[in-house]
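Visitor: Those protein sequences? They're chains A and B, same order as listed.
According to this note's numbering, numbering within the first sequence proceeds without interruption in unit steps and concludes at 98.
According to this note's numbering, numbering within the second sequence proceeds without interruption in unit steps and concludes at 282.
Derived from the structure by calculation, the hints contain no laboratory data.
For glycine and all other residues, C-beta sits at the position ideal for the given N, C-alpha and C.
Please note that a few of the clues may not be correct.
In silico SDA-like cross-links for lysine to any residue, where the CA-CA straight-line distance does not exceed 20 Å [as the list claims (entries may be wrong)]:
{"hint": "1", "chain 1": "B", "residue 1": "K200", "chain 2": "A", "residue 2": "T44"}
{"hint": "2", "chain 1": "B", "residue 1": "K115", "chain 2": "A", "residue 2": "K17"}
{"hint": "3", "chain 1": "B", "residue 1": "K44", "chain 2": "B", "residue 2": "V127"}
{"hint": "4", "chain 1": "B", "residue 1": "K227", "chain 2": "B", "residue 2": "Q253"}
{"hint": "5", "chain 1": "A", "residue 1": "K17", "chain 2": "B", "residue 2": "Q181"}
{"hint": "6", "chain 1": "A", "residue 1": "K76", "chain 2": "B", "residue 2": "Q181"}
{"hint": "7", "chain 1": "B", "residue 1": "K36", "chain 2": "A", "residue 2": "A55"}
{"hint": "8", "chain 1": "A", "residue 1": "K17", "chain 2": "B", "residue 2": "P191"}
{"hint": "9", "chain 1": "A", "residue 1": "K18", "chain 2": "A", "residue 2": "R60"}
{"hint": "10", "chain 1": "A", "residue 1": "K76", "chain 2": "B", "residue 2": "K115"}
Cβ-to-Cβ under 8 Å is the rule here; a few derived chain B residues that face chain A [claimed, not checked]:
{"hint": "11", "residue": "L118"}
{"hint": "12", "residue": "S120"}
{"hint": "13", "residue": "E122"}
{"hint": "14", "residue": "P197"}
{"hint": "15", "residue": "D204"}
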Amino acid sequence: MCGATEGGLSLDGVDVKKEAIIQGQVFRGEDPVGNAYVRLLDRTGEFTAEVPTSATGHFRFFAGEGEWTLRTLAPKADPVDNRVVAAVGSVAEVNVRL
Amino acid sequence: MTRESSLVSPQWVEDNLDNPDVVLIEVDEDTTAYDKGHIRNAIKLDWTTDLQDQVRRDFVNKEQFEALLSDRGVSNDHRVVLYGGNNNWFAAYAYWYFKLYGHQDVVLMDGGRKKWELDSRELTDAVPTREKTTYSAQDQDTSIRAFRDDAVAAIGVQNLIDVRSPDEYAGRLLAPAHLPQEQAQRAGHVPTSLNVPWSKNCNDDGTFKSDEDLKALYADVGIDDSKDTIALCRIGERSSLTWFVLKELLGHQNVKNYDGSWTEYGSLVGVPIALGDEPGDA
Numbered sequence: 001m002c003g004a005t006e007g008g009l010s011l012d013g014v015d016v017k018k019e020a021i022i023q024g025q026v027f028r029g030e031d032p033v034g035n036a037y038v039r040l041l042d043r044t045g046e047f048t049a050e051v052p053t054s055a056t057g058h059f060r061f062f063a064g065e066g067e068w069t070l071r072t073l074a075p076k077a078d079p080v081d082n083r084v085v086a087a088v089g090s091v092a093e094v095n096v097r098l
Numbered sequence: 001m002t003r004e005s006s007l008v009s010p011q012w013v014e015d016n017l018d019n020p021d022v023v024l025i026e027v028d029e030d031t032t033a034y035d036k037g038h039i040r041n042a043i044k045l046d047w048t049t050d051l052q053d054q055v056r057r058d059f060v061n062k063e064q065f066e067a068l069l070s071d072r073g074v075s076n077d078h079r080v081v082l083y084g085g086n087n088n089w090f091a092a093y094a095y096w097y098f099k100l101y102g103h104q105d106v107v108l109m110d111g112g113r114k115k116w117e118l119d120s121r122e123l124t125d126a127v128p129t130r131e132k133t134t135y136s137a138q139d140q141d142t143s144i145r146a147f148r149d150d151a152v153a154a155i156g157v158q159n160l161i162d163v164r165s166p167d168e169y170a171g172r173l174l175a176p177a178h179l180p181q182e183q184a185q186r187a188g189h190v191p192t193s194l195n196v197p198w199s200k201n202c203n204d205d206g207t208f209k210s211d212e213d214l215k216a217l218y219a220d221v222g223i224d225d226s227k228d229t230i231a232l233c234r235i236g237e238r239s240s241l242t243w244f245v246l247k248e249l250l251g252h253q254n255v256k257n258y259d260g261s262w263t264e265y266g267s268l269v270g271v272p273i274a275l276g277d278e279p280g281d282a
């Protein structure tokens, strides 16, 4: 869970010690999905942030300590929820499968 | 204003892509999004360079706004249709901006870029060319813009609607969670402000909720219709969306957007700040 994951987004310029990072990649089968939207919901289910995935299907959030839910929306797919725990000083990696 | 006069659907946009009376404009938080693909015939406004003074923290002035729209081929008679990413955050900001400078016919595309993409509608990388115009703006309509002294004076007196996420409101985060958290200002919220996250206005696909749901949302948090209202967030773009809902969709009177928002208020010396999930006292 700690440090940059091989093949993940670059963390150059990010002070990981001060951030609770949640990041990952969205896949349909084996293919990364570049036109998905990933929403970060807090422990009560309230929306906190949303990012579109990059061309390679990657996303990243700077969250706070605690439990979060990632809700992923993409064309021609039902929304997918993934639970994740974030902690300051670490990077939580999540691969989302549509 | 009403939903019918301030919103159009993606289907309406698709049916009017070649309408010469319509100018379609994309405005995104991610200013490179347009360059990766956009709706056909849409032009781009960059909120960081086109809409902001490049030296001091303020908007472009009337003359700069006139020069911008003239250069981009927007006339006073055009229907301006705005759309963008992040559930229309910055499109709503641009909408407020067009209203600030008195443009008559401006609407948002419901759901913005996300809804368009989730519908699997076409995007292109072809950039249209438009003939230059001579655009004439009006003086800023400050009846819809709040400044820091307005925000301080509103404590315990007016409706203050803080539209940031609950964790930002409570002071547990300093910025939206897709941005780094290290910031200069203090955390928290303006005392007596109510937390109604902007996201409660929208469905998951980015479209606005029904008028009935929106009315119930603001009634449930106790917004007082007899008082003036100021919406704020971190830099004034998410609160533009809430301003749009209250003023344009629900028809509330005397609603202002505080574009200085938390990055200004949280940096002021000596102003009161409340921490935690409750509004706090005046």
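Visitor: The structure should be examined with respect to each hint, and the outcome stated for every one.
Guide: Hint by hint, here is what the structure shows:
1. B/K200 with A/T44: 13 Å, holds
2. B/K115 with A/K17: The hint is violated at about 36 Å.
3. B/K44 with B/V127: 9 Å, holds
4. B/K227 with B/Q253: Since the Cα atoms of B/K227 and B/Q253 sit roughly 9 Å apart, the hinted pair holds (cutoff 20 Å).
5. A/K17 with B/Q181: With Cα atoms ~12 Å apart, A/K17 and B/Q181 stay inside 20 Å; holds.
6. A/K76 with B/Q181: Violated. A/K76 to B/Q181 sits at ~34 Å, over the 20 Å cutoff.
7. B/K36 with A/A55: This hinted pair holds, its Cα atoms lying about 9 Å apart.
8. A/K17 with B/P191: 32 Å, violated
9. A/K18 with A/R60: Status holds; Cα separation ~15 Å.
10. A/K76 with B/K115: It holds: about 12 Å lies between the C-alpha atoms, which stays within 20 Å.
11. L118: 5 Å, holds
12. S120: 5 Å, holds
13. E122: 12 Å, violated
14. P197: 6 Å, holds
15. D204: 6 Å, holds
Violated hints for the displayed structure, listed by number in ascending order: 2, 6, 8 and 13.
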